[in-house]
Amino acid sequence: MSVLEYLANGLVFSSIIVLSSIGLSLVYSIANFANFAHGDTMTVGAYTALVTFGFVGTLGAEVLGLPLGFFLALVVGVAVAAAVAVVTHKIVYEPLDVGSIGLLITSIGVAFVYRAIIQLGFGTGFIEFQIPLLRPIEALLPFGIRMTLHDVAIVASAAVLVAGLHALLQYTDLGRKMRATADNPSLARVSGIRTDRIEIWTWVIGAGLAGAGGVFLGLYNNISPRMGFNILLVVFAAVILGGIGSVYGAMAGGFLIGMINQLTPILPRLGQEIPFVPESFGIPIGIEYANAIAFLIMVAVLLVRPSGIAGEEAT
Amino acid sequence: MSDPTAPAGTDVPVATDGGDTADAEETILSVEHVDSGYGDVQVLDDLSLSLSAGEVACLIGPNGAGKSTVLKTVFGLLRPWSGHVRYRGDDIGGLAPEEIVREGIGYVPQTENVFGNLTIEENLRMGGVARDDDLGPVIDELYDRFPILTEKRNAKARTLSGGQRQVLAFARALVMEPDVLLIDEPSAGLAPNTADEVFEDVLAVNDLGTAILMVEQNARKGLSISDSGYVLDQGTVAYADEADALLDNPEVSRLYLGG
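Chains as they are written, first to last, in our numbering: chain A, 855 to 1169; chain B, 89 to 347.
Since the hints were derived computationally from the structure, they do not count as laboratory data.
Built from N, CA and C at the ideal position, the CB exists for glycine as well.
One should not assume that every hint holds.
As the list claims (entries may be wrong) - Beta-carbon label-pair distances, calculated as ranges:
no., chain 1, residue 1, chain 2, residue 2, range
1, B, Gly177, A, Val1158, 57 to 63 Å
2, B, Glu229, A, Asp1027, 17 to 23 Å
3, A, Leu861, B, Gly250, 45 to 51 Å
4, A, Ile991, B, Arg219, 50 to 56 Å
To be verified - A few chain B residues that face chain A, going by a derived Cβ cut-off under 10 Å, partial list only:
no., residue
5, Glu187
6, Gly194
7, Val196
8, Ala218
9, Ala261
Taking the hints into account, I'd like the entire structure generated from these sequences.
Quick look at the structure:
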């Protein structure tokens, strides 16, 4: 495989990590705890889309190799992930007065509940969207890139969502209030912002993006009850690398971690890919260490910048 | 619990008539026999005071006397354990800050009183979230009044100097055009000449007709720009009088103004 192909894969994987990292960081910035149920919120989104796709999968023309029904299923997956998170916030997190560590541990329990319910309904096995696999895009093959239209759909959808979130945060009243609340919750209330409503919107957006990430992860790999939880540590690495609580940091961190994760196979043959380095140079390490390497890079960055890429610049 | 010889105690405080505005007689805000504190720790003990429309009142007293606690209790950041906080006759004790700001009271905290990651313009917009009308005119007016903010309108608030921050903190609270502004130690951490400028701004805000209840560590300075003053000690009012009278009171001077 060519370096370009690894980069293309990295871009697709990064898109999924970015979506999920933004949500985790956003929720952290306003709800003020590390939500360990975030990965399973992704899973909720994926299964919801799977079920919806079963009903509407044949609908409509194809866009980027995906029937329009898939995008409808995506929207439903996002909506249900958001709704589940808001309900959880209202009946579990909000009434609890246990501090951020208490909420973190509670969220681990919430994650188990989500997963158990999904397993009750769907079993523990792997499932896939019933969408035919596509051949790689011909035009990219001469560059050594094997990328399908589905991959393009993932990257494009993530780009649209990230751009939409950026516009929301910078140019709308809700976005400004969210940034103000993340910056200084007490001053936000003093200014008249009804922060309890802002917190609900934060859950809607954060969990919605996680749901989208889950649907795309399901399209990219497959769907299983542990899919979200398995990727959660990588997402945490991305968020911490970016600077926890910062949305733009999460974008940068998610992109870097996703890329590093997918570029790991190049490490053993670095010499062949980088000019001016002996051909035989390489770091002999298998792809099973991809996550470990992502974490190593995270630790290295944090040694230099303890508060992450975006540092103190919250949201 | 306080000095038994105190001339004005915890009873209904003396009417203060130091204001030069026409409606200075009308009590706009009153704190009546309030106990309050943090968690289990009581700070305010049967504290009473009142603020007339359009006047400037200053709370002075030693550290830990409960000056800031008074403002936090009035503004709903702390719930009164007993007693009443009345604004225009309505009991607002226990209302949340985001509701109290809609009643017409503003609050400028002592520290962290701007949104550091938001621009100056965005800070001002946040100050007006509870307004239904167009914020443009009122924000433009504030830019006219505080030109330093105009120059930096698109800069992040954390890039401002201490004095500029304080100006922005005032301006943010003024977007609501409150009838009462609570200000916690406006001069804290500022160089003396910057502090003087901030006091000038306090008076300028008062000139708009806004009544001001201010906590000030620099007691002489605070009283000198105020109509009335309250000396707090151990959570209750030890002395209440016109500001000039407090400055001239030998006992207050000896005990609280450093001689």
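Hints versus structure:
no., hint, result
1, Gly177/B to Val1158/A: 57 to 63 Å, "60 Å, holds"
2, Glu229/B to Asp1027/A: 17 to 23 Å, "21 Å, holds"
3, Leu861/A to Gly250/B: 45 to 51 Å, "47 Å, holds"
4, Ile991/A to Arg219/B: 50 to 56 Å, "53 Å, holds"
5, Glu187, "9 Å, holds"
6, Gly194, "8 Å, holds"
7, Val196, "9 Å, holds"
8, Ala218, "3 Å, holds"
9, Ala261, "8 Å, holds"
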